[in-house]
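Protein chains in written order, with the numbering used here: chain A, 7 to 363; chain B, 298 to 560; chain C, 26 to 317.
A couple of the hints might just be wrong.
[Said to hold, decoys possible] In silico EDC-like pairs for lysine to aspartate or glutamate, Cα to Cα no more than 20 Å straight-line:
1) K95/C to E345/A
2) K357/B to D119/A
3) K349/A to E220/C
4) K79/C to E345/A
5) K95/C to D102/A
6) K79/C to E294/A
7) K79/C to D102/A
8) K349/A to D216/C
9) K95/C to D49/A
10) K212/A to E345/A
11) K349/A to E87/C
12) K79/C to D276/A
[Stated by the list, open to error] To give an idea of the interface, some chain B residues facing chain A are shown, with a C-beta separation under 10 Å as derived from the structure:
13) D343
14) F346
15) T347
16) G427
17) F507
[What the hints assert, rightly or not] From chain C, some residues computed to sit far from chain A (all C-beta separations above 10 Å):
18) L72
19) A110
20) A316
I should point out that these hints are in silico values taken from the structure, not numbers from a laboratory.
For each residue, glycine too, the CB sits at the ideal point set by N, CA and C.
These are the residues of each chain, in order.
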Amino acid sequence: MLHSKLLRRGLASLVMAVGLAFGAAQSWAEEIRVLNWQGYGTDEAWSLELFTEKTGIDVVHDYFNSEQEMLTKLRTNPGAYDVVLINSAYTKQAADEGLIQAIDTSGMKNVADLSPGMRDNENLAPGGTTYGVAWLWGVTSFAVNTNDFSEMPQSIEELWDPKHAGRVGWRDDAIEAVMFAAIATGQDINNPSDFVVIRDKLRALKPQIRTFWSSEDEWNQFMSANEFDLATYWSGSASRSKTAFGLPVEFVIPKEGAIGWLDGLSVATDAPNPEGAKAFIDWMIDPEFYVTWDTEVGAPASANAKANAELPETAFNRAVLGDPEKVATLQFMGPMDEELRQKILELWQETKTYLQE
Amino acid sequence: MSRRGTALARAGRVYMAAVLLFLYVPIVVMAVMSFNASKLYRLPVDWSFTWYTALASNDKLISAGLNSVWVAVVTTVIATILGTAASLAFFRYDFRGKRLLQILLFPPIAIPWLIIGTAMLVFFFWIGVGRGLHAMVLGHVALALPYVIVVVTARLRSFDPHLEEAARSLGASSWQATRRVTLPWIAPGMVAAALFAFAVSFDQFVISYFLSSPGVSTLPVEIYTSIRKGFTPEINAASTIVILVSMALLLGVARFYRFGGER
Amino acid sequence: MQSATVDAPRISGRRLRAIAGLTGPAYFWLALTVFLPLSAMFYFSFLSDVPFGKRVAVLTLENYAAFFEKEFYRTLMLRSFRLGAEVTFYCFLFGFPCAYLLAKTIKGRWREALFLLVILPFWSNALVRIFSWTMVLRGNGVLERLVNWIVPDYGPLNLMFTYPAIVVGLVHSYLPYMILTCYISLEAIDDSLIEAARSLGARRLTVLRRLVLPLALPGILAGAILIFVPVVGSFMEPRILGGRQGTFIGTIIEDQFTAVFNWPLGAALSFLMLGFVLLILLVVVPLARRAT
Chain A
7 MLHSKLLRRG
17 LASLVMAVGL
27 AFGAAQSWAE
37 EIRVLNWQGY
47 GTDEAWSLEL
57 FTEKTGIDVV
67 HDYFNSEQEM
77 LTKLRTNPGA
87 YDVVLINSAY
97 TKQAADEGLI
107 QAIDTSGMKN
117 VADLSPGMRD
127 NENLAPGGTT
137 YGVAWLWGVT
147 SFAVNTNDFS
157 EMPQSIEELW
167 DPKHAGRVGW
177 RDDAIEAVMF
187 AAIATGQDIN
197 NPSDFVVIRD
207 KLRALKPQIR
217 TFWSSEDEWN
227 QFMSANEFDL
237 ATYWSGSASR
247 SKTAFGLPVE
257 FVIPKEGAIG
267 WLDGLSVATD
277 APNPEGAKAF
287 IDWMIDPEFY
297 VTWDTEVGAP
307 ASANAKANAE
317 LPETAFNRAV
327 LGDPEKVATL
337 QFMGPMDEEL
347 RQKILELWQE
357 TKTYLQE
Chain B
298 MSRRGTALAR
308 AGRVYMAAVL
318 LFLYVPIVVM
328 AVMSFNASKL
338 YRLPVDWSFT
348 WYTALASNDK
358 LISAGLNSVW
368 VAVVTTVIAT
378 ILGTAASLAF
388 FRYDFRGKRL
398 LQILLFPPIA
408 IPWLIIGTAM
418 LVFFFWIGVG
428 RGLHAMVLGH
438 VALALPYVIV
448 VVTARLRSFD
458 PHLEEAARSL
468 GASSWQATRR
478 VTLPWIAPGM
488 VAAALFAFAV
498 SFDQFVISYF
508 LSSPGVSTLP
518 VEIYTSIRKG
528 FTPEINAAST
538 IVILVSMALL
548 LGVARFYRFG
558 GER
Chain C
26 MQSATVDAPR
36 ISGRRLRAIA
46 GLTGPAYFWL
56 ALTVFLPLSA
66 MFYFSFLSDV
76 PFGKRVAVLT
86 LENYAAFFEK
96 EFYRTLMLRS
106 FRLGAEVTFY
116 CFLFGFPCAY
126 LLAKTIKGRW
136 REALFLLVIL
146 PFWSNALVRI
156 FSWTMVLRGN
166 GVLERLVNWI
176 VPDYGPLNLM
186 FTYPAIVVGL
196 VHSYLPYMIL
206 TCYISLEAID
216 DSLIEAARSL
226 GARRLTVLRR
236 LVLPLALPGI
246 LAGAILIFVP
256 VVGSFMEPRI
266 LGGRQGTFIG
276 TIIEDQFTAV
286 FNWPLGAALS
296 FLMLGFVLLI
306 LLVVVPLARR
316 AT
């Protein structure tokens, strides 16, 4: 009969597929599996070569495109990952859900060099138990096209200035958008008190926004095509746009402050190779890795004070983010409960609907 | 042909060319940009082979490309066969629940991939299928099936069932009648369906992305995961090669086999 | 739905076996990989939280109620349906003549070659294609340069980040579906039928309306469905090409999975969308059948 023959053939292909998948997964060398954003430090080819040379451990990557996805991948793949990058605002949640394990940092030689404030950050080490090793930190604020500005703006209000109507780039991200409005209206970014004020502030963006951007590459292209006077951006990316792409941009930390964020590296629960994971994390916070990464490629600031100090004096991460006065104005992203996140998302979605009317 | 007819035929050719031009605008742009040394896709083009040399040493992208082809081919074969069989059943028989089965084809197309992908990830985890190329094939076939069934059914609508009946009355077995009469008639539909299935699988990024295991990926997954950083023109170079190779392959096949069902 | 019933008088046992044998494999596959996972999602859409780990979930209708309580959900749903209808219409408008030319006037090797050329763009990645469109449509992009080269000092086109930009990108992505499905229906129409009608004095337009369109209807409808249904839920193309104009129900649903951990609401919104899509198809498809 037709179908049985076809079914058999189909099944044979299926068996082949299974075989191939297993064949590909099998590997003789010791390996660790890393879950991260693509192109965010851990997967730099030259660094992995060095790491494998030093330790004999191969590094395999899997990626996520949003924090929620990262959590879902951890939830549905126990035992699949060793190292995972988690924004410190989510570390406690991941630990509470049992997705990551406590890290004994005693054998890691670079941990001692971490800035104490970041190493012992309450979000990464709740109750003094380290769940995430502080790795990188940076600022979310805005960058300007220096061709359009004779002097650097000092205020976040520049984003709302009618001078730049239709010339502002904005990232389509609910939490970030609301945090910007919170800073502009003098509120706590992690727990804004007056949502009506925030809503009106966001609605006032209507004449301003040229478009939403979603990737660094898009940002660079829009800037290069002269679509923006100024646009919200990340500090690490701004230095990359400047050094690697030669774009005329300057990152601004306004007097009202900006959003600070801290990323940590964690070890997944049931990690097949926790020792390898720790060795890799130790390599990631090593000045040897970081300095090359920042100078050759461009990176956010390192949580390792020693590593930052080894940067060239003009480097943004040393010159600006090394300035304690600037850093004092930052509000760091903290954990949020899901109810608040949902409220923020709805506010942003409603605003976007209003923006396109 | 009348003069009016010739004029119409000429207009037709111009129209066809215009549609093809529209379809190929982004493809040509993609190909040109793969030769542009500027990472920011700046104009005018700064001609160079940089991205092709980079691609040649990018084992990850190459193996991802080969995985894509493999998954797409297996998906195409399975989906075309299973889908055609189901379409034949819908065509030949009236039965209770047929309407329901047909309506059930819509959810896989209508529900956003992201949700299907998440649901598959969770479900495959529960039942122990896990992730990897095998899981991708499972998912891709399911996504391609509705397309195959809709396309083959549309073709079958034009088939005269009495032809099958006639063959049977001349002594052909049910299977013979299917093979000798029905299948040749729906062949163009099946070819179109297979091409759809291939495209659906080859292009699928969200579901593949959820179902790929660490270290194993396909071309679209590589592209999708680089969306936050943005992809390098290497991706353009890879896509250009894919298009050129498949164009050569398909046109080569077309020399020996007539897809159009010429009468 | 009309259907041939060749085997109707046969013994039902054999008939049943044949039906099960032909549809079984496909639907078993679909059940395992799509229906069961989606049923889980459907179940989630009635929960207050995702039942993972220690989370407590209770049954609720809140997620569905949210759609009716908040006006912007409805606004965006309508917008998505409008987008779906417009894209489908343009695909038909441009695709049908193309399919007709392919099936009826172009013969021989050219036909195969053109047929394949129509499908090939599909084999490049959708994301790459959309990014290519951004290069064409954006300020100082390919199109703007071309227009200004033909008409000097035409100035900026301002196409990027507009609703039309989304439509262009989507029509491009889905046009081959319409051409293909129309082609396979048109190709099945016997040429002698058309010739006979012409020789009886029917005008071209009459032949088209009274003969060709009704016979090609299954293909047109198949194409329309394959375009309309996914476009309503699209999120990637609007997001990249539409900029500020790029918020649709598909992007809202996506957010429930990426920005927050609210699968129940995301699932509820997608099943509502699916429900409306099916409703529209149930009304429009029979109407179209009757009209031709």
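Okay, the hints, checked on the actual structure:
For the suggested pair K95/C and E345/A, the alpha carbons sit about 17 Å apart, so the restraint of at most 20 Å is met. Pair hint K357/B plus D119/A does not hold up; C-alpha atoms about 35 Å apart against a cutoff of 20 Å. With a C-alpha separation of about 65 Å, the suggested pairing of K349/A with E220/C is violated against the 20 Å cut-off. Between K79/C and E345/A the CA atoms are separated by roughly 17 Å; this keeps the pair inside 20 Å, and the hint holds.
A hinted pair counts as satisfied when its Cα atoms are at most 20 Å apart, and K95/C with D102/A does not qualify at roughly 33 Å. For the suggested pair K79/C and E294/A, the alpha carbons sit about 42 Å apart, so the restraint of at most 20 Å is broken. Straight-line distance between C-alpha atoms of K79/C and D102/A comes to about 10 Å, which keeps the hinted pair within the 20 Å bound. A threshold of 20 Å between alpha carbons decides the hint, and for K349/A with D216/C the separation of about 62 Å lies outside it, so the pair is violated.
This hinted pair does not check out: K95/C and D49/A have alpha carbons roughly 43 Å apart, beyond 20 Å. Among the hinted pairs, K212/A with E345/A is inconsistent with the structure: their alpha-carbon atoms are about 27 Å apart, more than 20 Å. Restraint check for K349/A and E87/C: satisfied, since their Cα atoms lie roughly 15 Å apart, inside the 20 Å limit. As the CA atoms of K79/C and D276/A are separated by approximately 18 Å, the hinted pair is consistent with the 20 Å bound.
Violation of the interface hint for D343/B is found here, the shortest Cβ-Cβ separation to chain A being roughly 13 Å, above the 10 Å cut-off. A least Cβ separation of about 20 Å between F346/B and chain A goes past the 10 Å threshold, and the interface hint is therefore violated. The closest approach between the C-beta of T347/B and any C-beta of chain A is roughly 15 Å, which is over the 10 Å cut-off, so the hint fails. Nearest Cβ of chain A to the Cβ of G427/B: about 8 Å, under the 10 Å cut. The hint holds.
At a threshold of 10 Å, the smallest CB-CB gap from F507/B to chain A is about 8 Å, leaving the interface hint in force. For L72/C, the condition that its CB be more than 10 Å from all CB atoms of chain A holds, with the nearest at approximately 14 Å. Remark: the non-interface label on A110/C is consistent with the geometry, its nearest Cβ contact in chain A lying 18 Å away (cut-off 10 Å). Remark: the non-interface label on A316/C is consistent with the geometry, its nearest Cβ contact in chain A lying 34 Å away (cut-off 10 Å).
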